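Student: Read top to bottom, the protein sequences are chains A and B. Here the working numbering is used: the first residue of the first sequence is 509, the next is one more, and so on. Here the working numbering is used: the first residue of the second sequence is 509, the next is one more, and so on.
Accuracy of the hints is not assured; some may be wrong.
Mimicking DSBU-like on lysine-lysine, the simulated pairs with C-alpha atoms at most 30 Å apart in a straight line are [claimed, not checked]: (1) Lys557/B <-> Lys603/A; (2) Lys628/B <-> Lys661/B; (3) Lys556/A <-> Lys573/B; (4) Lys556/B <-> Lys557/A; (5) Lys641/A <-> Lys613/A; (6) Lys603/B <-> Lys556/A; (7) Lys557/A <-> Lys628/B; (8) Lys661/B <-> Lys565/A; (9) Lys603/B <-> Lys573/A; (10) Lys613/A <-> Lys557/B; (11) Lys628/B <-> Lys573/A; (12) Lys628/B <-> Lys628/A; (13) Lys565/A <-> Lys640/B; (14) Lys565/A <-> Lys594/A; (15) Lys556/B <-> Lys628/A; (16) Lys573/B <-> Lys603/B; (17) Lys613/B <-> Lys573/A.
If you are wondering where the hints come from, they were derived from the structure by calculation, not from laboratory data. This structure is a prediction, so every number in the text was calculated from the model and none was measured.
Take a look at the letters that make up each chain.
Number of protein chains: 2
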Amino acid sequence: MKINYPNPSIQTKPHRDAHVQSHGMIFEHALNLANEYYYNRNLAVIYKKPTPIRIVKVDYPSRNKARITEGYYQTPSTTDYNGIYKGRYLDYEAKETNNLSFSFKHIFPHQIEHLERVHKHGGLAFIIIFFKKVNQVFIMDILAFQDLLAEAKAGGKQSISLEQFQTLGKQVTLGFTPTMDYLKAVDELYHLV
Amino acid sequence: MKINYPNPSIQTKPHRDAHVQSHGMIFEHALNLANEYYYNRNLAVIYKKPTPIRIVKVDYPSRNKARITEGYYQTPSTTDYNGIYKGRYLDYEAKETNNLSFSFKHIFPHQIEHLERVHKHGGLAFIIIFFKKVNQVFIMDILAFQDLLAEAKAGGKQSISLEQFQTLGKQVTLGFTPTMDYLKAVDELYHLV
Numbered sequence: 509m510k511i512n513y514p515n516p517s518i519q520t521k522p523h524r525d526a527h528v529q530s531h532g533m534i535f536e537h538a539l540n541l542a543n544e545y546y547y548n549r550n551l552a553v554i555y556k557k558p559t560p561i562r563i564v565k566v567d568y569p570s571r572n573k574a575r576i577t578e579g580y581y582q583t584p585s586t587t588d589y590n591g592i593y594k595g596r597y598l599d600y601e602a603k604e605t606n607n608l609s610f611s612f613k614h615i616f617p618h619q620i621e622h623l624e625r626v627h628k629h630g631g632l633a634f635i636i637i638f639f640k641k642v643n644q645v646f647i648m649d650i651l652a653f654q655d656l657l658a659e660a661k662a663g664g665k666q667s668i669s670l671e672q673f674q675t676l677g678k679q680v681t682l683g684f685t686p687t688m689d690y691l692k693a694v695d696e697l698y699h700l701v
Numbered sequence: 509m510k511i512n513y514p515n516p517s518i519q520t521k522p523h524r525d526a527h528v529q530s531h532g533m534i535f536e537h538a539l540n541l542a543n544e545y546y547y548n549r550n551l552a553v554i555y556k557k558p559t560p561i562r563i564v565k566v567d568y569p570s571r572n573k574a575r576i577t578e579g580y581y582q583t584p585s586t587t588d589y590n591g592i593y594k595g596r597y598l599d600y601e602a603k604e605t606n607n608l609s610f611s612f613k614h615i616f617p618h619q620i621e622h623l624e625r626v627h628k629h630g631g632l633a634f635i636i637i638f639f640k641k642v643n644q645v646f647i648m649d650i651l652a653f654q655d656l657l658a659e660a661k662a663g664g665k666q667s668i669s670l671e672q673f674q675t676l677g678k679q680v681t682l683g684f685t686p687t688m689d690y691l692k693a694v695d696e697l698y699h700l701v
């Protein structure tokens with residue numbers, strides 16, 4: 509008998525942060541839970557970097573308390589997540605899409621450059637994409653991504669299809685513990701034992 | 509003839525951020541410049557993580573613009589800096605002191621735990637301390653730091669002296685390009701070639 513459990517990874521409550529609503533952070537929250545799981549099991553140390561904020565005005569209602577009264581979200585200079593796994597430096601950018609293909613325009617050129625750098629220095633560098641419509645998550649190495657991007661720049665397709673992720677990337681298993689076992693996909697993609 | 513050039517690393521203008529004043533970020537700025545130098549020379553990819561901000565209120569004066577009108581600085585859950593160097597994951601916490609010894613109370617227990625974790629996973633984990641009075645910077649591996657901390661907890665000295673940094677750590681050369689060649693000290697401390 510097949511029981512259709514609701515998928516907790518995608519239905520988890522969003523983080524209580526005013527920023528949450530605008531950036532579709534349910535996927536992010538699921539990633540954070542996965543990283544918490546990996547940390548607690550001593551499998552990896554991976555964190556999301558805080559969103560950079562440009563602070564314009566700060567009030568000091570009391571000596572030791574600073575209240576920011578004017579600030580703006582900034583474009584991150586690198587990627588969302590990094591850390592260490594199996595002795596390797598690991599770095600990735602997480603995105604989600606409503607479509608059945610992932611458009612190159614959703615990743616900033618400086619983030620691609622950052623991931624290329626990480627790869628050149630011997631790190632594991634990839635993107636992780638959540639396809640909402642089909643409730644599927646994939647990872648793809650920066651080199652495969654770069655090849656497709658080069659084709660796009662030469663006039664080819666401006667996005668990466670779900671099929672291409674299936675062929676060139678690795679699918680991430682969604683479940684309960686962890687919510688998304690993306691490091692299993694990392695093991696497969698990079699042949700880590 | 510010895511020319512006493514002013515040391516630019518310590519006299520650099522602080523970052524233009526309201527947070528700067530309260531946290532003595534001149535040292536931080538010098539570190540950022542060093543990391544920029546390493547990045548431009550393709551020697552390492554190391555970044556400071558943004559300061560985490562708890563956002564309470566956001567205004568949307570226009571559709572695409574979000575203005576944070578109430579927010580508070582948060583205690584970082586990890587360390588200030590991480591990245592990749594010579595294929596290794598690298599992670600450190602940067603502190604400065606006005607004294608000639610560094611008190612253990614200036615580093616949060618969860619940051620020490622984080623560095624211990626990084627070490628266990630095969631990363632390079634250390635602290636970097638700027639002694640303002642003598643204009644000297646040292647790095648010390650988390651294991652050496654832990655040993656001294658264990659002594660402190662057993663009733664020993666509650667701080668690490670400059671002499672201990674000289675003996676157990678490595679001194680960082682201050683200069684122009686880069687402002688602080690701390691990765692040279694990392695090479696020495698970890699015997700990297």
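Student: Hint check: Lys573/B vs Lys603/B, CA-CA at most 30 Å. Holds or violated?
Tutor: violated, 35 Å
Student: Holds or violated: are the alpha carbons of Lys556/B and Lys557/A at most 30 Å from each other?
Tutor: Holds, at about 10 Å.
Student: Tell me if the straight-line CA distance from Lys628/B to Lys661/B falls inside 30 Å.
Tutor: Given that 30 Å is the threshold and the Cα spacing comes to 22 Å, the pair holds.
Student: Lys603/B and Lys556/A: Cα distance at most 30 Å?
Tutor: holds, 22 Å
Student: Keeping to a limit of 30 Å between CA atoms, is the pair of Lys641/A and Lys613/A held or broken?
Tutor: Cα-Cα ~19 Å, so holds.
Student: With the threshold set at 30 Å, check whether the alpha-carbon distance from Lys628/B to Lys573/A stays at or below it.
Tutor: violated, 36 Å
Student: Hint check: Lys556/B vs Lys628/A, CA-CA at most 30 Å. Holds or violated?
Tutor: holds, 20 Å
Student: Do the alpha carbons of Lys613/A and Lys557/B lie within 30 Å of each other, as the hint requires?
Tutor: holds, 25 Å
Student: Next pair to validate is Lys565/A with Lys640/B; report whether the Cα-Cα distance is within 30 Å.
Tutor: holds, 28 Å
Student: Are the Cα atoms of Lys628/B and Lys628/A separated by 30 Å or less?
Tutor: This hinted pair holds, its Cα atoms lying about 24 Å apart.
Student: Need the status of pair Lys557/B, Lys603/A: alpha-carbon distance at most 30 Å?
Tutor: Holds, at roughly 20 Å.
Student: Against the 30 Å threshold, does the CA-CA distance of Lys613/B and Lys573/A hold or violate the hint?
Tutor: holds, 20 Å
Going through the hint list in order, the structure does not satisfy hints 8, 11, 14 and 16.
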